[in-house]
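*Asks:* Letter by letter, the chains look like this.
2 protein chains.
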Amino acid sequence: MKSFKKLFTSKPRTHIPESSFKFGGMASLKTLDVVPSPAEDAQKIKNAFIGLGTDEDAIIEILGHRDANQRQKIRETYRLLFNETLIDGLNKEVSGDFGKAVILWTYDPCERDARLANEVLKSKKKGIKHLEVIVEMSCASSPQHLVGVRKAYCDLFNSSLEEDILVSVPMPLRKVLVGLVTSYRYDKEMVDKDVAKLEANRLHESIKSKDLAHDDVVYILSTRNFYQLRATFEHYKEKHGNPIDEDIMKSGKGDLESLLKMVIVCIASPEKHFAQIVGTAIIGLGTDEDSLTRAIVSRAEIDMMKVKSEYLNIYKSSLDAAVTDDTSGDYRKFLVTLLGGKI
Amino acid sequence: MKSFKKLFTSKPRTHIPESSFKFGGMASLKTLDVVPSPAEDAQKIKNAFIGLGTDEDAIIEILGHRDANQRQKIRETYRLLFNETLIDGLNKEVSGDFGKAVILWTYDPCERDARLANEVLKSKKKGIKHLEVIVEMSCASSPQHLVGVRKAYCDLFNSSLEEDILVSVPMPLRKVLVGLVTSYRYDKEMVDKDVAKLEANRLHESIKSKDLAHDDVVYILSTRNFYQLRATFEHYKEKHGNPIDEDIMKSGKGDLESLLKMVIVCIASPEKHFAQIVGTAIIGLGTDEDSLTRAIVSRAEIDMMKVKSEYLNIYKSSLDAAVTDDTSGDYRKFLVTLLGGKI
Chain F
137 MKSFKKLFTS KPRTHIPESS FKFGGMASLK TLDVVPSPAE DAQKIKNAFI
187 GLGTDEDAII EILGHRDANQ RQKIRETYRL LFNETLIDGL NKEVSGDFGK
237 AVILWTYDPC ERDARLANEV LKSKKKGIKH LEVIVEMSCA SSPQHLVGVR
287 KAYCDLFNSS LEEDILVSVP MPLRKVLVGL VTSYRYDKEM VDKDVAKLEA
337 NRLHESIKSK DLAHDDVVYI LSTRNFYQLR ATFEHYKEKH GNPIDEDIMK
387 SGKGDLESLL KMVIVCIASP EKHFAQIVGT AIIGLGTDED SLTRAIVSRA
437 EIDMMKVKSE YLNIYKSSLD AAVTDDTSGD YRKFLVTLLG GKI
Chain W
137 MKSFKKLFTS KPRTHIPESS FKFGGMASLK TLDVVPSPAE DAQKIKNAFI
187 GLGTDEDAII EILGHRDANQ RQKIRETYRL LFNETLIDGL NKEVSGDFGK
237 AVILWTYDPC ERDARLANEV LKSKKKGIKH LEVIVEMSCA SSPQHLVGVR
287 KAYCDLFNSS LEEDILVSVP MPLRKVLVGL VTSYRYDKEM VDKDVAKLEA
337 NRLHESIKSK DLAHDDVVYI LSTRNFYQLR ATFEHYKEKH GNPIDEDIMK
387 SGKGDLESLL KMVIVCIASP EKHFAQIVGT AIIGLGTDED SLTRAIVSRA
437 EIDMMKVKSE YLNIYKSSLD AAVTDDTSGD YRKFLVTLLG GKI
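The listed protein sequences derive, respectively, from chains F and W.
Counted from 1, the first sequence has number 235 at position 99 by the numbering used here; the numbering is strictly sequential.
Counted from 1, the second sequence has number 275 at position 139 by the numbering used here; the numbering is strictly sequential.
Calculated from the structure, these hints are not laboratory results.
Be careful, since some hints might not be right.
Copies of the same chain are indistinguishable here, so a pair counts whether it falls within one copy or spans any two.
In silico DSBU-like links for lysine-lysine, alpha-carbon gap of 35 Å or less [claimed, not checked]: (1) Lys261 x Lys333; (2) Lys324 x Lys287; (3) Lys236 x Lys344; (4) Lys265 x Lys333; (5) Lys329 x Lys262; (6) Lys236 x Lys287; (7) Lys375 x Lys166; (8) Lys209 x Lys397; (9) Lys344 x Lys260.
Just chain F, with the same shape it has in the complex (with noise of 0.2 Å):
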């Protein structure tokens, strides 16, 4: 086995043309070129929810078409204005699953990928499937976006994300999922090639000997750069024919192997880990609609268009259309509005 000295080498790396993997950029959300003030919309979310029943129409109007930043001077001036939050305002008013998707929508971002979590490590739910939130805010997000998730956590409950996940998630998937959470990766576009191939090296015999816990595999998916990881996947398909996720799963079929399938896949093509995450819950009997409305809601204003057409390569089909047909009244609407779509 290499050492670490070796694996973790410092040559100057090389700025490589700009990618396609960027976070943001990609949005499916429509904001307006005109935007009311913060005021005026808040006003007309509170005349929403007077009277006889809820103007949902007029809830999804507004909020549908702002961005976070917007939402966030919504939310502020909700507050001063009626002297409750509107979470709260929307919670006495809204239900359902279009409830639900409204107010994750409303939150912050940061607040709101800091509240799913919670839910899923307070949740004690096996598995691996409930962990997916974790590995999207830790490698198909920005480092701020992450750090803030931790900060809201923080300010929100009364521990650390580290340590409820410390808590809840037993070895070896607590071991990896505690690298990912406290990343901070450098965010330019900066790839040394040798190190990529060196690393594809480690991974590979982490691989075979299926010591997939290893320090070393945690700290090269939780310290490297997105870019540089890429390189190294690149480099490790083309070493060793497969792609490293295929080799993963056939080395093993537990809950540590499907995990870092889904930690690569994040790394390599959030498009694609969402674009599955949203096929996976409307195809096949019922639909997941809490998958439905994380993905819908996480990406419409950072990578949505990319989800499409990622979902289109995948399932020949169209997302727009799969999401219409699958849902239905006020949650279709709003779903159909973060998309981009006309209601």
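Add chain W to chain F, keeping to what the hints say.
*Replies:* Relative to chain F, chain W alone:
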């Protein structure tokens, strides 16, 4: 050995009364009641640079009485007014220990620590003395400061802090340091006494079995909040008779033991750590100016009054007098100013 599940319990914790363990609030730095405008300060500093020789007294008088926010505004304004950074201006005009100290003080505190960390990681020095600054930013600073340092590190250098630790620091020190620098601790006073007992015992087991780089040890020291850890160390002493850092030093004489002792002192009492840094820098033949400067520059606007009182406690003499006796010229004037004295 207790299972992790048991170890990392999630019982409701107790809010303990405000203790003396807070970062900030005990600065020695004396700022002005009426502060000149940043433009005025920037102009005066520029004047101090111009002409025959540099007017060091003016530089000390201004920068030595401005806090981090005020210095930030001066940096921004200086750059706008004179089309060069204040740091570049200082670099041309000041030198020696005085120059180093003024420049370190003038940096944004997060950038300062990022640069100090990078310097030690690139220095190829052996042992743990030079790793002090990394322990200090992780164990004697707020979580926000540590994240700020990580961000500054990524912005300044072509890698993350963790990546450079992995390259430069051998196992098992690496494992402890990566855990510490990636922490984002809960920062309110919240203590669970049962957890303190369990984890004190877990640490005791690791000391007995000389297994100090065990995952559990790293998790405890790098995820628990400072108040919780102080309770753990106190329980350790009650239950096992000796302070935990003494037991660690009895268990071995390697770098890992010394590093863990440093970690524990920084967490249990940052003022004791910094008093010892100053003491060690001054006592004996010659002075270690770099350590002396780092300690005073780092803590002047945080807790230097507590460091002074701890110094008196340990060395039975005044820190101010020791610094005055052991330094000279503009360097002395500057340090004395940061210590809150008259020059």
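*Asks:* Evaluate each hint against the coordinates.
*Replies:* For each hint, the structure was consulted:
1. With identical chains, the CA atoms of Lys261 and Lys333 are at most 35 Å apart between copies only, with a shortest distance of 28 Å across copies and 38 Å within one.
2. Taking the shortest Cα distances, Lys324 and Lys287 sit within 35 Å of each other both inside one copy (23 Å) and across copies (12 Å).
3. For a Cα distance limit of 35 Å, the shortest separation of Lys236 from Lys344 qualifies neither inside one copy, at 44 Å, nor across copies, at 51 Å.
4. Taking the shortest Cα distances, Lys265 and Lys333 sit within 35 Å of each other both inside one copy (31 Å) and across copies (34 Å).
5. Only between protomers do Lys329 and Lys262 lie at most 35 Å apart by alpha-carbon distance; the minimum there is 29 Å, versus 38 Å within a single protomer.
6. Within a single copy, Lys236 and Lys287 get their C-alpha atoms as close as 23 Å, and across copies as close as 34 Å, so both meet the 35 Å cut-off.
7. When the C-alpha separation of Lys375 and Lys166 is checked against a cutoff of 35 Å, the pair qualifies neither within a copy, at 43 Å, nor between copies, at 62 Å.
8. In this assembly of identical chains, Lys209 and Lys397 lie within 35 Å of each other by CA distance neither inside one copy nor across copies; the values are 38 Å within and 47 Å between.
9. Within a single copy, Lys344 and Lys260 get their C-alpha atoms as close as 32 Å, and across copies as close as 34 Å, so both meet the 35 Å cut-off.
Hint check: violations occur at hints 3, 7 and 8; the rest are consistent with the structure.
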